[in-house]
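Q: If you want the building blocks of each chain, they are given just below.
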Amino acid sequence: MFKRSLLTLASLCLALLLATSAVASEKVYVFAAASTTNAVKELIDIYRQESGSAAEFLTSFASSSTLARQIDAGADANIFISANVKWYKWLDEKGLVEAGSNALMASNALVVIAGPNGKDKMNDIRQLPGLLGEGYLAMGDATHVPAGMYGKEALSHYGLWESLSKQLAQYPDVRKALNAVDTEQADFGIVYKTDAIQSKESHIVYIFAAESHTPVEYPICAVKGKQTAETKAFLAFMKSARAKTVLEKYGFVTQ
Amino acid sequence: MSLSPEEFNAIWLSLKVAVWAVAVGLVPAIAFALLLARCQFRGKALIDAVIHLPLVVPPVVTGYLLIIVLGRRTFLGELFQALGLKFAFNWKGAVLASLVMSFPLMVRAIRLSIEAVDKGLEAAARTLGASRLRIFLTITLPLSVPGLITGAVLAFARSLGEFGATITFVSNIPGETQTLPLALYTFTQTPDGEMMAARLCIISIIIALVALALSEVLAQKTAKRING
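Those protein sequence lines, which keep their order, are chains B and C. Just so we're aligned, residue 1482 is where the first sequence starts under this note's numbering, counting upward by one. Just so we're aligned, residue 360 is where the second sequence starts under this note's numbering, counting upward by one.
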């Protein structure tokens, strides 16, 4: 009697297990650069609505360096969107990019912003040290955060890097730099155009010329061995005209 | 193993920040511990909760609250700047962040020690005509020294390891606010920074072990003195 009920219980458990695994939807992990946060969230929503996909999309937004290292360490990412080509290549060299899945999602511009009570416009970036005075310039960490690396290039291009080095507040990702200007901790900041557009507090005072820094490009790819039908469909959607209009709405430039 | 200037700066700054955080926090911590251990009043639970808040909320939140309350353009921030205390992007701001984060640890340890002091001794002193201040200075405080040491060591250790509130409040400026954990973090984020990160890891462990050993010796000595 006891044996039989135990057997029933066991088979019940097994049935339950099978049932849940059949019902459980596929999970797609998207690891994306912090600067793409709002756009990628909206793109996922639209994709899910339009395709009727039952898959669950989970996102992790951080600096590209953090994400690339996490993927290298075996994080469960399916899709990686990097804010620069360097970290994408780093991952590719480790054999972690699914061949043929990569594409250029969009590009971005680098701008100087000022806080709520800051200056309106700056015609020449060489005015920055004078305007800054004793104040601070917030940016991504120039040793590893893409926005900081581009910022260093651009400042160096105009010979300003050395003279400003004592007044730089370098943050672990570009959104924290934006926040520092929003809260008036720093007087100016170097962020992406897309971040500046989304800020209610800060405004753009200067746009860096394209030749002053490496192009800000966002490669998108599937992680090696994590390519499924669902991620393929999503990557195809990201190349569509519909996706491009959304990206452009957020200030990105698409080809 | 010789230290690079960057490593030396980070270590020196970390020690400076931690020592200042403990030095500035100790007397207020004793005051609050005494208040919570020996006094009954309305709003006591609220004070207790506020002191403990940094222990419970994520450090980044504490850093963000510091920006909102003591940021460069806030009322309090400007008041302190007028008094010559500049926190934004300054090592003093790192001290403040460490102080706020480690304060609850100090208060807790000291409070427990004060509560353990025999009230009979204090009552006896009072019958002999000693003033409240004298009772505190000659009986309660000396008997609470083990708690003071524990609290100070915990706060020192917490300050050495402080990361989230510091990087949020004062950023990561080499030589000014880049303490040991921040330098370590920067190296882990840089391609090919693994070696440097490993070196700083070892240095952190050595500092922690030395501090613990020192506190152990100190604690044993005071225990001997108190117990005769």
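Note that these hints are calculated values from the structure, not bench results. Mixed in with the good hints there might be a few duds.
[Unchecked claim] Straight line, CA to CA, 25 angstroms or less: simulated PhoX-like cross-link-like pairs of lysine-lysine:
{"hint": "1", "chain 1": "C", "residue 1": "Lys580", "chain 2": "B", "residue 2": "Lys1647"}
{"hint": "2", "chain 1": "B", "residue 1": "Lys1725", "chain 2": "B", "residue 2": "Lys1570"}
{"hint": "3", "chain 1": "B", "residue 1": "Lys1600", "chain 2": "C", "residue 2": "Lys583"}
{"hint": "4", "chain 1": "B", "residue 1": "Lys1720", "chain 2": "B", "residue 2": "Lys1567"}
{"hint": "5", "chain 1": "C", "residue 1": "Lys375", "chain 2": "C", "residue 2": "Lys451"}
{"hint": "6", "chain 1": "C", "residue 1": "Lys583", "chain 2": "B", "residue 2": "Lys1647"}
{"hint": "7", "chain 1": "B", "residue 1": "Lys1522", "chain 2": "B", "residue 2": "Lys1705"}
{"hint": "8", "chain 1": "B", "residue 1": "Lys1681", "chain 2": "B", "residue 2": "Lys1570"}
{"hint": "9", "chain 1": "B", "residue 1": "Lys1647", "chain 2": "C", "residue 2": "Lys478"}
{"hint": "10", "chain 1": "B", "residue 1": "Lys1570", "chain 2": "B", "residue 2": "Lys1600"}
{"hint": "11", "chain 1": "C", "residue 1": "Lys478", "chain 2": "C", "residue 2": "Lys583"}
{"hint": "12", "chain 1": "C", "residue 1": "Lys478", "chain 2": "C", "residue 2": "Lys375"}
Q: Compare the structure with each hint and give your call.
A: Right, here's what the structure says about each hint:
1. A distance of roughly 46 angstroms separates the Cα atoms of C:Lys580 and B:Lys1647; the hinted pair therefore is violated under the 25 angstroms criterion.
2. Restraint check: the Cα-Cα separation between B:Lys1725 and B:Lys1570 comes to about 24 angstroms, which is no more than 25 angstroms; the hinted pair holds.
3. Between the alpha carbons of B:Lys1600 and C:Lys583 the distance comes to roughly 65 angstroms, so the proposed pair goes past 25 angstroms and is violated.
4. Between B:Lys1720 and B:Lys1567 the CA atoms are separated by roughly 21 angstroms; this keeps the pair inside 25 angstroms, and the hint holds.
5. Straight-line distance between C-alpha atoms of C:Lys375 and C:Lys451 comes to about 10 angstroms, which keeps the hinted pair within the 25 angstroms bound.
6. A distance of roughly 51 angstroms separates the Cα atoms of C:Lys583 and B:Lys1647; the hinted pair therefore is violated under the 25 angstroms criterion.
7. Of the pairs offered as hints, the one joining B:Lys1522 and B:Lys1705 holds, with about 23 angstroms between alpha carbons and a cut-off of 25 angstroms not exceeded.
8. Straight-line distance between C-alpha atoms of B:Lys1681 and B:Lys1570 comes to about 34 angstroms, which puts the hinted pair past the 25 angstroms bound.
9. For a cut-off of 25 angstroms, the pair hint linking B:Lys1647 to C:Lys478 is broken: about 56 angstroms separates their Cα positions.
10. For the suggested pair B:Lys1570 and B:Lys1600, the alpha carbons sit about 38 angstroms apart, so the restraint of at most 25 angstroms is broken.
11. As the CA atoms of C:Lys478 and C:Lys583 are separated by approximately 21 angstroms, the hinted pair is consistent with the 25 angstroms bound.
12. A distance of roughly 38 angstroms separates the Cα atoms of C:Lys478 and C:Lys375; the hinted pair therefore is violated under the 25 angstroms criterion.
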